[in-house]
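**Q** Produce the complete structure using the sequences and hints provided.
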Amino acid sequence: MNYLKFLVHLSVSYPTEEDRLPQNRSRIAPKRIISDRGRSFTSKSFKDFCRELKITHHLNAVGTPCGNDQICQNLDKVVLHNQQEQEKQKLLFDKKRCRARKLEIGDLVLVQIFSIVSDGSSRKLLPKWKGHFQISKILEADRYEVWDIPGSLRARVPYKGVYAIEHIKLWEMMD
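Mapping of the sequence shown onto the working numbering: residues 1 to 175, in sequence order.
With a straight-line Cα cutoff of 30 Å, these simulated DSS-like cross-link-like pairs (lysine-lysine) come out:
#: 1; residue 1: Lys31; residue 2: Lys44
#: 2; residue 1: Lys160; residue 2: Lys130
#: 3; residue 1: Lys95; residue 2: Lys77
#: 4; residue 1: Lys169; residue 2: Lys137
#: 5; residue 1: Lys169; residue 2: Lys130
Label pairs and their calculated CB-CB ranges:
#: 6; residue 1: Gly120; residue 2: Asn74; range: 57 to 63 Å
#: 7; residue 1: Phe114; residue 2: Trp171; range: 16 to 22 Å
#: 8; residue 1: Arg101; residue 2: Lys130; range: 17 to 23 Å
Since the hints were made in silico from the structure, they are not lab data.
All residues carry an ideal CB built from backbone N, CA and C; glycine is no exception.
**A** Following this line, the structure appears as structure tokens:
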């Protein structure tokens, strides 16, 4: 047996507005309406409207979803399905990820360049990394504070910034 469930959402300016009811008569009438005990659903005009179209009106208690039998029956299934889907998505996400490498204070690193001034020329051959910087502080969530190497004359004011581990590359010196 096939069931069709649908929701018709009509906005009304006032909960007791009665001029909406004649417009609803032109639509397909459901066999049952489940609603809360708001003033618009307990009014005499709404009861007459339901009686005229032979609609069973079921009033729920406020804040109790189990007043509706269908919700109670399917709630556990939905929660279980959501948990299974979350676990599946976590496995797919973790499959492509590896643990972040740990850096120490004092390590020499390069950091990724994000903003390159666009002057109309090709950026294909421009460097993707800048540095050398030194790790000055280890922060939470795989974040590191980097600063200029003491004595470097890159700018008037020494650079200091925070980067995530995925935007930091360890500088390895050749022997």
